[in-house]
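Add chain B to chain A, keeping to what the hints say.
As given, the protein sequences belong to chains A and B, one line each in that order.
Counting from 1, one number per residue, gives the positions in the first sequence under this note's numbering.
Counting from 1001, one number per residue, gives the positions in the second sequence under this note's numbering.
Since the hints were made in silico from the structure, they are not lab data.
Be careful, since some hints might not be right.
[Claimed, not checked] To give an idea of the chain A side of the interface with chain B (calculated C-beta under 7 Å), a few residues:
1) L29
2) H80
3) G92
4) W100
5) N103
6) L107
7) N121
8) A125
9) L132
10) N136
11) A139
12) C143
13) Q146
14) Q147
[What the hints assert, rightly or not] Each pair of labels, with its calculated beta carbon distance range:
15) B:S1320 / A:N234: 51 to 61 Å
16) A:N219 / B:S1016: 51 to 61 Å
17) A:N234 / B:D1265: 46 to 56 Å
18) B:R1165 / A:G40: 30 to 40 Å
19) B:R1091 / A:S316: 34 to 44 Å
20) B:L1039 / A:D278: 49 to 59 Å
21) A:K42 / B:G1229: 44 to 54 Å
22) A:Q137 / B:A1094: 50 to 60 Å
23) B:K1099 / A:S16: 39 to 49 Å
24) B:S1316 / A:K122: 36 to 46 Å
25) B:S1016 / A:T154: 30 to 40 Å
26) A:G40 / B:T1102: 54 to 64 Å
C-beta: ideal position from N, C-alpha, C; glycine also.
Chain by chain, the residues:
There are 2 protein chains.
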Amino acid sequence: METYTQLYNLLNKSLSELNDSFDKHPKELYDPQKYILSLGGKRIRPLLTLIGADLFNCDPGKAIHAAHAVELFHNFSLIHDDIMDNAPLRRGNATVHEKWNTNIAILSGDAMLVKAYQELNKCEACFLPQLLQLFNQTAIEVCEGQQLDMNFETLDEVAIEDYVRMIGLKTAVLLGCSLQMGSIIAGADDQSQQHIYNFGKEIGVAFQLKDDILDVYGNSEKVGKQTGGDIISNKKTFLLLKSLELANKEQRHELNFWLTKIDFDKNEKISSVKNIFDQLNIETISEKEMSKHYSSALANLRSIDCNHQKKNQLFSFAESLIEREF
Amino acid sequence: METYTQLYNLLNKSLSELNDSFDKHPKELYDPQKYILSLGGKRIRPLLTLIGADLFNCDPGKAIHAAHAVELFHNFSLIHDDIMDNAPLRRGNATVHEKWNTNIAILSGDAMLVKAYQELNKCEACFLPQLLQLFNQTAIEVCEGQQLDMNFETLDEVAIEDYVRMIGLKTAVLLGCSLQMGSIIAGADDQSQQHIYNFGKEIGVAFQLKDDILDVYGNSEKVGKQTGGDIISNKKTFLLLKSLELANKEQRHELNFWLTKIDFDKNEKISSVKNIFDQLNIETISEKEMSKHYSSALANLRSIDCNHQKKNQLFSFAESLIEREF
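Chain A extracted, bound-state conformation (with noise of 0.2 Å):
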């Protein structure tokens, strides 16, 4: 058995060779994705399909050019949706199109997708009309979810189950897909291979409603920053979405009024809106959603029939994600 460690170990070695291989022409093409890559990030995603291997007592190393895919398909919806959210920044760091342009983003963005592909297609072949079904699902998926997220922005309202399932096909079943893909090439049966999908997709859910809580009851000194930066920003999270559900016409009122406010100050809206959220015990309910998906999760995982050391080494995993306090 590996333990996280020496599989982090052995991935972050594969990944800086892939890194290596975009010192090509024309540069303008390949520097941005190697610029992204090297910003790092927690790599979850290309471990989990490691772990989905070995969980199957397979060589993790033969699920490693799968592992590069997911981090690659990871980095260039990155610097796609940077494009689409405006955004300034990733990771502490300037954005590609920010440092490039946005035309060069849209292009390596492309050139990524494709060599995540070509790393796909050094898998053994057996497995290949498998993966790519999955990868090419998944891939479908997350571009349904960052579409829905862009319409979300425009509508007044939106439904709590429209919502999840935004947050499922945008960032979750990438994660259920990371560990299937492992067990793909593992060989586990059909029903392995679904436990473990939905594993990863449920935390992936879970973790991002942990997201949605943090940024508004987060232990800001743990977390290194002001919290409430969804507040003002007035992004659609759970907590948001729930709230405009349950207020009464009071609440919904004095929502409304922070959420069309132009000038304000921040720490007063902060507080105004948290206010409400409290009176609506909303931190509780959305506690109670996110649980809802992490049982679902550990559900799964043990409906697996595996080593039982592995096992609970991925139930600790799954508990670092999700008990988190930042």
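For chain B alone, coordinates are given in the frame of chain A:
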């Protein structure tokens, strides 16, 4: 043996079914894909895939999903290129980013690229690694070609060999790829595959050079539009780059005069630049360069050991692409 009309009928029927698969939600993601495909175009690339299969005695129906993949890829690249080129029109209709917006054009293009891989994954599994390898390599080269083309826009001088290399990457490799994909599915041997690829690529380069020539020396009545559009927009065509290479000091001075002039009479600019082209014998030089690639294409086709009737049909098709007057 199938006539090309039969192949076209097969293709159009299946592309219309493919088009129906875009009746999905979210509509903002799928409508643009349906729209660009419905604008038509000559469908040369997917036709070449069917031709590539038929040439080696394979039922062209077996290559239909590979044909879809190249057509989807081509249309994805049109959507994204139109954003980068800031183009208002495509085939006489509004471009996707004009009809919707840039974000929708980026994302629907991404989804269309993924859809191409979904079609590829419907091909017989035993051919998948080879098809993917070729398709990925081609897709990367098309991105490189587009990047080089964008780089050239801001350069004062571009060497002729760099220009020919750029059009090779940006437009010609996809023709070679389209044909070779058909030949892979037909189980053609490596050497035949290489010849049919080279044939397609060289025809592609010759076709693009013909485009450059026709813009200046085409029969404007047959083209149905005023010639000289490339001269007006200072497009770095083979003709312009070759003139800059061959011009004496005086001619270079006059070319630069017209290249930098902001306000000008269109007809005066066209006739003045064309006059220098004529002095330098550019039409003949360009025809010669085109013929070089056309001859190389034909030599490759000649080398292929296959049914003579089919081969002759492809010779005629190549001739129709290159000997056109518009």
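Can you list which hints this structure breaks, lowest number first? 3, 4, 19, 22, 26
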